[in-house]
Amino acid sequence: MSAGKIDPMEQFKVEPVLGRHLDLFGYDVSFTNSALFMIVVFVLLAVFMAGGLKRQLVPGRWQVAAEDAVSFIDNMVTVNIGSGGKKFAPYIFSLFFFILFANLIGVLPLAILPGLHTFAVTSHITVTAVLAFLSFGIVLVVGFATHGLKFFSLFVPHGAPAWLMPVIIPVEFVSFMVRPFSLGLRLFVAMTAGHILLEVFGSFVVQGLNAGGALGPVVSVLSFVMIVGVSALELLVCAIQAYVFALLTSLYLHDAVHLH
Amino acid sequence: MDHTSAMYIGAGLAAIGVGLAALGVGNVFGSFLEGALRNPGAADGQQGRLFIGFAASELLGLIAFVVAILILFVVK
Numbered sequence: 003m004s005a006g007k008i009d010p011m012e013q014f015k016v017e018p019v020l021g022r023h024l025d026l027f028g029y030d031v032s033f034t035n036s037a038l039f040m041i042v043v044f045v046l047l048a049v050f051m052a053g054g055l056k057r058q059l060v061p062g063r064w065q066v067a068a069e070d071a072v073s074f075i076d077n078m079v080t081v082n083i084g085s086g087g088k089k090f091a092p093y094i095f096s097l098f099f100f101i102l103f104a105n106l107i108g109v110l111p112l113a114i115l116p117g118l119h120t121f122a123v124t125s126h127i128t129v130t131a132v133l134a135f136l137s138f139g140i141v142l143v144v145g146f147a148t149h150g151l152k153f154f155s156l157f158v159p160h161g162a163p164a165w166l167m168p169v170i171i172p173v174e175f176v177s178f179m180v181r182p183f184s185l186g187l188r189l190f191v192a193m194t195a196g197h198i199l200l201e202v203f204g205s206f207v208v209q210g211l212n213a214g215g216a217l218g219p220v221v222s223v224l225s226f227v228m229i230v231g232v233s234a235l236e237l238l239v240c241a242i243q244a245y246v247f248a249l250l251t252s253l254y255l256h257d258a259v260h261l262h
Numbered sequence: 087m088d089h090t091s092a093m094y095i096g097a098g099l100a101a102i103g104v105g106l107a108a109l110g111v112g113n114v115f116g117s118f119l120e121g122a123l124r125n126p127g128a129a130d131g132q133q134g135r136l137f138i139g140f141a142a143s144e145l146l147g148l149i150a151f152v153v154a155i156l157i158l159f160v161v162k
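Each protein sequence line maps, in turn, to chains A and B. Quick note, the numbering used here runs 2 ahead of the 1-based positions in the first sequence. Quick note, the numbering used here runs 86 ahead of the 1-based positions in the second sequence.
Same shape as in the complex, but just chain A (with noise of 0.2 Å):
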């Protein structure tokens, strides 16, 4: 990156809040941007959720969400994993309210006030890993603990025939391991690329009115119209990437239930 170019990447860096590193037994353990916002997405969804617990015979607005959003959830859980699915609801509701409401908080553009910069959380691996991890993890305790042993006939199809097994076994088994690293990776670059294309627009904004001349306010003009359309399209991705990894891992928890 050469000088007076906007580094797109800068607003990915994690730093403490107070500007102070905590150090305890040679590990950063200070409070960053990331875990701010973390609790901010908490506190945002104990709000949401409580305002709507009041249980009235006749629910006003903030009821009716929050049931909408129970429901929604419920009715994913119901058809994608089937009986037995009704106890994972609580966690798929977790996860796909606090990967939305991640995502959302990350891309409102507060950033035109001074000093305040909302962070994604959900733009950084480590943050997605964990979350995915803990989806095959569930997975994997799930499907020991109701299967046994027989849980490894997940890797073995119906139908297929006996000579393709030693081809398909490894294939299945690699495309289970797999998973994990694919439903975080796939969260985390794409809320990465948006904010990404999001900065590069908005630095051709900047550089073209510093650019001056006839052409140049016509590049910003012409940015600031692409950058409403991309935000428009950042929130319709925000809302699918939550919904794919609770859908992803409702349906890897049919596997672990019914094996198939």
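If you are wondering where the hints come from, they were derived from the structure by calculation, not from laboratory data. There's no promise every hint is true.
Claimed, not checked - Which chain A residues face chain B? A few, computed with CB under 10 Å, are given here:
1) 81
2) 84
3) 184
4) 187
5) 190
6) 192
7) 194
8) 200
9) 211
10) 235
11) 237
12) 243
13) 245
14) 247
15) 249
16) 253
Stated by the list, open to error - Here are the computed lysine to any residue pairs in the SDA-like style, where the Cα-Cα straight-line distance is at most 25 Å:
17) A/15 to A/128
18) B/162 to A/127
19) B/162 to A/9
20) A/89 to A/55
21) A/15 to B/137
22) A/152 to A/257
23) A/15 to B/151
24) A/56 to A/38
25) A/88 to B/154
26) A/88 to B/137
27) A/15 to A/259
28) A/15 to A/183
29) B/162 to A/59
30) A/88 to B/138
31) A/15 to B/154
32) B/162 to A/16
33) A/89 to B/131
34) A/15 to B/138
35) A/89 to B/138
36) A/89 to A/109
37) A/89 to B/151
38) A/15 to B/93
39) A/15 to B/131
40) A/15 to A/120
Ideal Cβ positions, reconstructed from N, Cα and C, are used throughout, including at glycine.
Following the hints, put chain B in place on chain A, whose structure we already have.
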């Protein structure tokens, strides 16, 4: 060709995969719409499968993007 230009060319080549994944994603939604218009009653029940197909084809494009980013920012 010096190292830096080779890096940028490589990143550009890696980004071709993103466009190819766009074809795949478009194919998934296009085929879904084609089927859904023939039988709108069955469309809602297949939305889960639609997003599984979307996720699978989108992932490959995202991996191409990761490769481009790795070449640009990680490879020295």
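Looking back at the numbered hints, which does the structure fail to meet, lowest number first? Checked against the structure, the hints that fail are numbers 2, 8, 9, 10, 11, 21, 24, 25, 27, 29, 34, 36, 37 and 39, while the rest are satisfied.
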